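Listed here are the chains, written in short residue letters.
There are 2 protein chains.
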Amino acid sequence: MMARNTFNDTLLHFEIFRQYRFISAFAPKEHMNVKSADDVDFAKRGGVIPVVVQDKKTKDVLTLVYANREALAKTIETGNAWFFSTSRNKLWMKGEESGNVQPVSEIRVDCDSDALLYIVDSNKPMCHTGERTCFHNMVEKA
Amino acid sequence: MMARNTFNDTLLHFEIFRQYRFISAFAPKEHMNVKSADDVDFAKRGGVIPVVVQDKKTKDVLTLVYANREALAKTIETGNAWFFSTSRNKLWMKGEESGNVQPVSEIRVDCDSDALLYIVDSNKPMCHTGERTCFHNMVEKA
Numbered sequence: 000m001m002a003r004n005t006f007n008d009t010l011l012h013f014e015i016f017r018q019y020r021f022i023s024a025f026a027p028k029e030h031m032n033v034k035s036a037d038d039v040d041f042a043k044r045g046g047v048i049p050v051v052v053q054d055k056k057t058k059d060v061l062t063l064v065y066a067n068r069e070a071l072a073k074t075i076e077t078g079n080a081w082f083f084s085t086s087r088n089k090l091w092m093k094g095e096e097s098g099n100v101q102p103v104s105e106i107r108v109d110c111d112s113d114a115l116l117y118i119v120d121s122n123k124p125m126c127h128t129g130e131r132t133c134f135h136n137m138v139e140k141a
Numbered sequence: 000m001m002a003r004n005t006f007n008d009t010l011l012h013f014e015i016f017r018q019y020r021f022i023s024a025f026a027p028k029e030h031m032n033v034k035s036a037d038d039v040d041f042a043k044r045g046g047v048i049p050v051v052v053q054d055k056k057t058k059d060v061l062t063l064v065y066a067n068r069e070a071l072a073k074t075i076e077t078g079n080a081w082f083f084s085t086s087r088n089k090l091w092m093k094g095e096e097s098g099n100v101q102p103v104s105e106i107r108v109d110c111d112s113d114a115l116l117y118i119v120d121s122n123k124p125m126c127h128t129g130e131r132t133c134f135h136n137m138v139e140k141a
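The listed protein sequences derive, respectively, from chains A and B. So that you can map any letter, position 68 of the first sequence is 67 in numbering that gives the first Met the number 0, and since no number is skipped, the others follow by simple counting. So that you can map any letter, position 52 of the second sequence is 51 in numbering that gives the first Met the number 0, and since no number is skipped, the others follow by simple counting.
Pulled out of the complex, with its shape left as it was, chain A reads as follows:
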């Protein structure tokens, strides 16, 4: 019985591997590296880099904000989205006034380490207008 299961598992693994090879031959490369906050290059853009915030469930892009090293550290430490306001020149937690706190499921950094992606798990408005997303304006030909 044990031997039979092992044989079936081997067949299954081979089939997954075969299909993976077939798919990956035609798709762009897909793999995920693991980095730490120390790998993020804040210096490159004067200490403050852009952060894309995306909804975990709908995958909608919610906002484009900014973070410094401290904002990223606070996000990792607390699990909620912290940013650096370029207009008020201060650290802030999303929802500290509105209550619309945004728990962060995942943090990613791009290929050249100077842009962040926060994937947030919430359905509360991200935009100060009350909308879930700040990107509620279509740009059309004038």
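Bear in mind the hints are in silico, worked out from the structure with no lab data behind them. Small disclaimer: the values here were computed from a predicted structure and weren't measured. Keep in mind that a hint or two might mislead.
The list treats identical chains as interchangeable, and a pair is accepted whether it falls inside one copy or across any two copies.
Here are the simulated DSS-like cross-link-like pairs (lysine-lysine), alpha carbons at most 25 Å apart as the crow flies [stated by the list, open to error]: (1) Lys58 to Lys123; (2) Lys58 to Lys43; (3) Lys123 to Lys43; (4) Lys123 to Lys55; (5) Lys73 to Lys55; (6) Lys43 to Lys89; (7) Lys43 to Lys140; (8) Lys34 to Lys58; (9) Lys56 to Lys73.
Put chain B on the given structure of chain A with help from the hints.
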């Protein structure tokens, strides 16, 4: 026959309206405004603003790049994604060297008009590493 269809249409419209009202009572506000390229506030950030690029089908965030007024105009005019390179200090079309041109289905601008979202319809790599997305690095606690 004509009258019957009209009546059914009216019932259907009422039902859609009723469900919309029910859903919207519990969800964040959702509506889309229409703006033009002239409404985009490039001056606020010294002439160059961030652009989030998102995949139309998978909704993955592909990259964070930058655009000036000319890059946005070229994108609207040609239908392909044009950017402004902050390192090379020049206008460029994604794919002009690699061939991985990114047709843009939709352009959006955020609530305070200083960040853009290009929704692109392609399955070609967006990243110079050959990955579809530049955000292929997870940030974990050190």
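Checked hints:
For the identical chains of this complex, Lys58 and Lys123 are neighbours both inside a copy (14 Å) and across copies (20 Å), given an alpha-carbon limit of 25 Å. In the homo-oligomer, the alpha carbons of Lys58 and Lys43 never lie at most 25 Å apart, since the shortest distance is 28 Å inside one protomer and 28 Å across protomers. Within a single copy, Lys123 and Lys43 get their C-alpha atoms no closer than 33 Å, and across copies no closer than 28 Å, so neither meets the 25 Å cut-off. Proximity of Lys123 and Lys55 under a CA criterion of 25 Å is satisfied in both settings, with 12 Å inside one chain copy and 23 Å between copies.
For the homomeric pair Lys73 and Lys55, the shortest alpha-carbon distance inside one copy (20 Å) is at most 25 Å, but the shortest distance between copies (32 Å) is not. Taking identical chains as interchangeable, the C-alpha atoms of Lys43 and Lys89 lie at most 25 Å apart whether they share a chain (19 Å) or sit on different chains (18 Å). Taking the shortest Cα distances, Lys43 and Lys140 sit within 25 Å of each other only across copies (22 Å), while inside one copy they are farther apart (34 Å). Taking the closest pair of Cα atoms, Lys34 and Lys58 come within 25 Å of each other both inside a single copy (22 Å) and across two copies (23 Å).
With identical chains, the CA atoms of Lys56 and Lys73 are at most 25 Å apart within one copy only, with a shortest distance of 23 Å there and 33 Å across copies.
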